[in-house]
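Q: Model the full assembly from the supplied sequences, consistent with the hints where possible.
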Amino acid sequence: MSRAFWIRLVLAWLVVSPALAVEVHDVRLWRAPDHTRVVFDLTGPAEHRLLTLENPDRIVLDLSIATLKASLTDLDLTNTPISLVRSGVRDGRDLRVVFDIKEGVDPRSFALKANAQAGDRLVLDLYDRTPGKKPAVAEVSKSAAARSGRRDLIIAIDAGHGGEDPGATGPNRLREKDVVMAISRELHALLERDEGFSPTMVRTGDYYISLKGRRDIARKRQADLFVSIHADAFTRREANGASVYALSTRGATSTTASYLARRENEADLVGGVRLSDKDDVLASVLTDLSMTNTLDHSLKVGDKVLRRMDTVARLHKRNVEQAGFAVLKSPDIPSILVETGFISNPGEAQKLGTREYQRKVAQAIHAGIRDWFIAQPPPGTLLAWRKQQGDQEYVIARGDTLSDIAQRFNVPVNRLRDHNGLRDSRILVGQTLKIPTT
Numbered sequence: 001m002s003r004a005f006w007i008r009l010v011l012a013w014l015v016v017s018p019a020l021a022v023e024v025h026d027v028r029l030w031r032a033p034d035h036t037r038v039v040f041d042l043t044g045p046a047e048h049r050l051l052t053l054e055n056p057d058r059i060v061l062d063l064s065i066a067t068l069k070a071s072l073t074d075l076d077l078t079n080t081p082i083s084l085v086r087s088g089v090r091d092g093r094d095l096r097v098v099f100d101i102k103e104g105v106d107p108r109s110f111a112l113k114a115n116a117q118a119g120d121r122l123v124l125d126l127y128d129r130t131p132g133k134k135p136a137v138a139e140v141s142k143s144a145a146a147r148s149g150r151r152d153l154i155i156a157i158d159a160g161h162g163g164e165d166p167g168a169t170g171p172n173r174l175r176e177k178d179v180v181m182a183i184s185r186e187l188h189a190l191l192e193r194d195e196g197f198s199p200t201m202v203r204t205g206d207y208y209i210s211l212k213g214r215r216d217i218a219r220k221r222q223a224d225l226f227v228s229i230h231a232d233a234f235t236r237r238e239a240n241g242a243s244v245y246a247l248s249t250r251g252a253t254s255t256t257a258s259y260l261a262r263r264e265n266e267a268d269l270v271g272g273v274r275l276s277d278k279d280d281v282l283a284s285v286l287t288d289l290s291m292t293n294t295l296d297h298s299l300k301v302g303d304k305v306l307r308r309m310d311t312v313a314r315l316h317k318r319n320v321e322q323a324g325f326a327v328l329k330s331p332d333i334p335s336i337l338v339e340t341g342f343i344s345n346p347g348e349a350q351k352l353g354t355r356e357y358q359r360k361v362a363q364a365i366h367a368g369i370r371d372w373f374i375a376q377p378p379p380g381t382l383l384a385w386r387k388q389q390g391d392q393e394y395v396i397a398r399g400d401t402l403s404d405i406a407q408r409f410n411v412p413v414n415r416l417r418d419h420n421g422l423r424d425s426r427i428l429v430g431q432t433l434k435i436p437t438t
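The sequence shown begins at 1 in our numbering and counts up by one.
Hints were generated in silico from the structure; no laboratory data involved. Be aware that a few hints might be false.
What the hints assert, rightly or not - Dumping the calculated SDA-like pairs for lysine to any residue here, alpha-carbon to alpha-carbon at most 20 Å:
#, residue 1, residue 2
1, K387, Q376
2, K102, T73
3, K434, M201
4, K220, F234
What the hints assert, rightly or not - Pairwise CB distance ranges (calculated):
#, residue 1, residue 2, range
5, V413, R318, 25 to 31 Å
6, A116, G149, 38 to 44 Å
7, V429, K113, 55 to 61 Å
8, L77, T235, 16 to 22 Å
9, G149, L428, 29 to 35 Å
10, N115, R415, 52 to 58 Å
11, Q376, K434, 17 to 23 Å
A virtual CB, placed ideally from N, CA and C, is assigned to each residue, including glycine.
A: Structural data, given as structure tokens:
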């Protein structure tokens, strides 16, 4: 036989050899409000093809020269359009994964190259066609209440990372996405108790939203303030302290600010973002920011939050820092990013993992937000109307103390007690207090 024949034979063997096949070593599933995401973790890049079949409805993924080493039976299909996931071998060398579909979806797939935080992945997004099937998400808007001239302030609370992007990881597998979601929910609960505020969660569960998508949600809900909450890591374990950041249109104010911004901006590489999610209007956004008072307001509300954070945590820097965080690039919404601490620092990680400390951090952020808006309420809001009228009123809720209420409204406890004719600091649930103007 000719030499060319043997060469072709060897090449054919190399192509189909199992040793050279890409392995799917894990398969993960995440449910978001408008889609279901399935992520295949690969040992290397692999070509794939997406097919849709009818009668019955199926989504098919073919991966060239690949083998499945992960379990498909462990996937939680609750509240998803998928009824069953199965796999098989195609043409003796390719992996075929079949999704039996029980509801109408629009499938999209894309590959993600390996980066510093994650390996090669294949992402399948199944977008819902039936809006009524989506998990409920609180929608808030200025328009309905604005007609009365006493609308609520809308605070968009963004818990960083989520889904297949855990963010930074600390000792004992403490994950940033879990810590910041707990703090965000505490902050939401505090603002929900306050008259004149309507908080809204950007991310309501454990799924990923692109950095641009987070800004878009805040704008869609017409937020008065965007607060992104994080607990990042640094190259040195001894790095510690809380920080508050606003956007920089030039350069970062410190080495740490530059490092953290770069890490946060790379989150889309881990979370999985298609090319269409990239922001093509960055220059115009920064131009708009320089022409408005949005950035000025961001710095001022950030300073109020930082002052309150100083009461519960050591500060990394005593001034609001600035860096090019992509998530803060909304041209018309004051936006801040709160680093609640370094999860890479063992001491801070231990505190950040406790419910008590998470609550204290949320209370500090809440107090800082209130400080700003009580002093500078936007026109047409309930807070602005009350400021014009004089005294505000507050109905005492379970768990309130007189000192907490005084701190919330930025008035001395003695003045609050005297203004309401109280002999001591005892208060009752349901009791109405008049809050003196500051």
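Q: Now tell me if each hint is right for this structure.
A: Structure-based check of each hint:
1. As the CA atoms of K387 and Q376 are separated by approximately 10 Å, the hinted pair is consistent with the 20 Å bound.
2. The hinted pair formed by K102 and T73 meets the criterion: a straight-line CA distance of about 17 Å does not exceed 20 Å.
3. The hinted pair formed by K434 and M201 fails the criterion: a straight-line CA distance of about 30 Å is larger than 20 Å.
4. At most 20 Å may separate the alpha-carbon atoms for a hinted pair to count; K220 and F234 exceed this at roughly 33 Å.
5. In this structure the hint that V413 and R318 lie 25 to 31 Å apart at CB holds, the actual value being about 26 Å.
6. A hinted range of 38 to 44 Å is violated for the C-beta pair A116 and G149, which are about 51 Å apart.
7. For V429 and K113, the hinted distance range of 55 to 61 Å is satisfied, since their beta carbons lie about 56 Å from each other.
8. The supplied range of 16 to 22 Å is broken by L77 and T235, whose beta-carbon atoms lie about 40 Å from each other.
9. For G149 paired with L428, a C-beta distance near 32 Å keeps the hint of 29 to 35 Å intact.
10. Distance hint check for N115 and R415: the Cβ-Cβ separation is about 55 Å, which falls inside the suggested range of 52 to 58 Å.
11. For Q376 and K434, the Cβ-Cβ distance of about 22 Å falls inside the hinted range of 17 to 23 Å, so the restraint holds.
In this structure, the earlier hints numbered 3, 4, 6 and 8 are contradicted, and the remaining ones agree with it.
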